Amino acid sequence: MAPTAPPASRESDDATVHVLVVDDQRSFRAAAAAVIELTNHFLLAGEAEGASEAEAVLGTEPVDLVLMDINLRDESGIDVTAALLHDHPGLRVILMSTYADTDLPPGAATCGAMRYVHKERLSPAALIEAWNERDLEGAP
Amino acid sequence: VNPDSRFEDPHEEAAAGRLRWAILVDEIAAALGAISIALLYLVVVRNLWLLSLVVPVGGLSIALRLARRELDRGDTSRAVTIHAIGNWVVGVSVTFVVPFIWPILMLTVLMPLVLAVPHVRRSQLVTLITASVGVVVAVSLLGLTQMTTGITGDVSPWIRNTVVISALAAVFIIIVVIVWQTHAQNEAILLRVLATNADLARSERELAEQAVLLRDSRARLASVADRERRRIERDLHDGAQQRLVGLAVRLGLLSTQLDESHAATVDTMKDEISSAIEELRELAHGIYPPLLAKEGLAVALQAAARRSPLPTRVLVDQLARYTPDIENALYFCCLEALQNAAKHAGDDASIVIGLHGGPSTVELRVTDDGRGFPSTTVESGNGILNMLDRVGAVGGTVEIGPLDGGGVEVSATVPATARAGS
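From first to last, the protein sequence lines stand for chains B and X.
Per my numbering, residue 26 is the first one in the first sequence, and the count goes up by one each step.
Per my numbering, residue 682 is the first one in the second sequence, and the count goes up by one each step.
The set of hints was computed from the structure by calculation and includes no laboratory data.
Do not take every clue at face value.
Unchecked claim - The calculated label-pair distances, taken between Cβ atoms and stated as ranges, are: (1) B:R98 x X:T949: 30 to 40 Å; (2) B:N157 x X:R1052: 48 to 58 Å; (3) B:E154 x X:R1052: 44 to 54 Å; (4) X:H1037 x B:T135: 19 to 29 Å; (5) X:D1070 x B:G115: 53 to 63 Å.
As the list claims (entries may be wrong) - Covered by chain X, per the in silico footprint, the following chain B stretches (three or more residues, Cβ under 8 Å): (6) 53 to 64; (7) 114 to 126; (8) 140 to 149.
Note that the coordinates shown come from a computational prediction; the quantities given were computed from them, not determined experimentally.
All C-beta atoms in this analysis are idealised placements derived from N, C-alpha and C, irrespective of residue type, glycine included.
Just chain B, same shape as in the assembly:
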């Protein structure tokens, strides 16, 4: 289960994946930040509570990957995903929530996110796996 990426390097380089965490729950943002911190070649680009903060980070920081909560306070993570991907076509998005797969809204499959990960399964290994397979899969 240990991360299989090259030895830790906290410096940003071409191989580094810059990650933006979008979640209205501070406790989960902190946990996700800790996971990113401990994942080789992944760097936390910023945290956001909703769409406008996410846009602000995207406007100032290079971001490769977004961890997007489906149930934001006043917005749908799915709608926000579609909007972000429209403005930033190269971006990759992983949708996250605590809901069972059967309870995902229909838009989860069509909003352009590359996969869906249960929040509790978030780990360095899961991040690396999702990133390595980013071009192999389409919708979640």
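Mind docking chain X on chain B? Use the hints.
Leaving out everything else, chain X in the frame of chain B:
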């Protein structure tokens, strides 16, 4: 209502009042009759037979005074009896003394029966009729055969005429009393019927108002309960679930930084937390399905179909978004139907959920092709009561029945118009 009254029923008391009035008129007529006979004797006809009539006629007046006292004590039956016997004695004795006016006296003899009709039970009425027939026969026989004593046919015409006119005056009073009594009786019945009708109409109106209040209250209760369920689901989701998820993620991280034996311990802890998260998720879902409020009935029921243990298809036709009350009612009704099917239809069965949005209704149809369930379940099952309560609270109806080819269909129809913007 008179608190000292002997009568429990005010209508009975009113009827007794009318009878008292009739008896009083009769009493006064008898007293005047006795006085008139005495005057007739003194002034016009020096006939001792005529004078002897003062006894029965005056006696009638006294008897009727007693009858009124019985009436005041609440004994209508005895008052009627005294009234009847008094009049019969007068009828017979007057016929004996003045046989030629017997046809006129028939009315005196029959009056008690006519006046008694509204006041006595059938058994007493039969006795009164039998006795009246006996007295009528006695009076007519006496009138036709008694020619020896009293004022008989051989008196002078002017005496005859005076007696006949006096008797006719008495009879006229009797007729007036009977007519008046009949009218008063009919009017009382009519007023009673009208009052009953008004009472009925008022009860009906009150019932209708109560029904509306109850329906509104039922809908409100369901609506409040649903809002509360949704709030609890959100609290669980945003609170305990998120904390546990954060903890699980951090434990996962911790495990990667520990040596193998410690990592195993932490992994066990993480598994425990994952189980708790799973259980909490199921609990929250049971309390309120997260997709229902956000995505509507069709999406929520598609999710419910995926969770169903039997293969379940959802067919949606022209469905819009509706008020939360209606969507909640139909969702939970469908969930009960799915649970019933899972319990009774058998493992080989499959289910079809049909949703159809009409211009003023939404229809839900849950059909399975299984074994069906015993008809007793239809009346008694809690699940079925839940369906009826749920759908009834928003003014809808539920029909549950077996299908010809086997299986069961639950069909719910709810009045609803699409929510604006859906």
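Any hints this thing doesn't respect? Which numbers, in order? Hint check: nothing fails, all pass.
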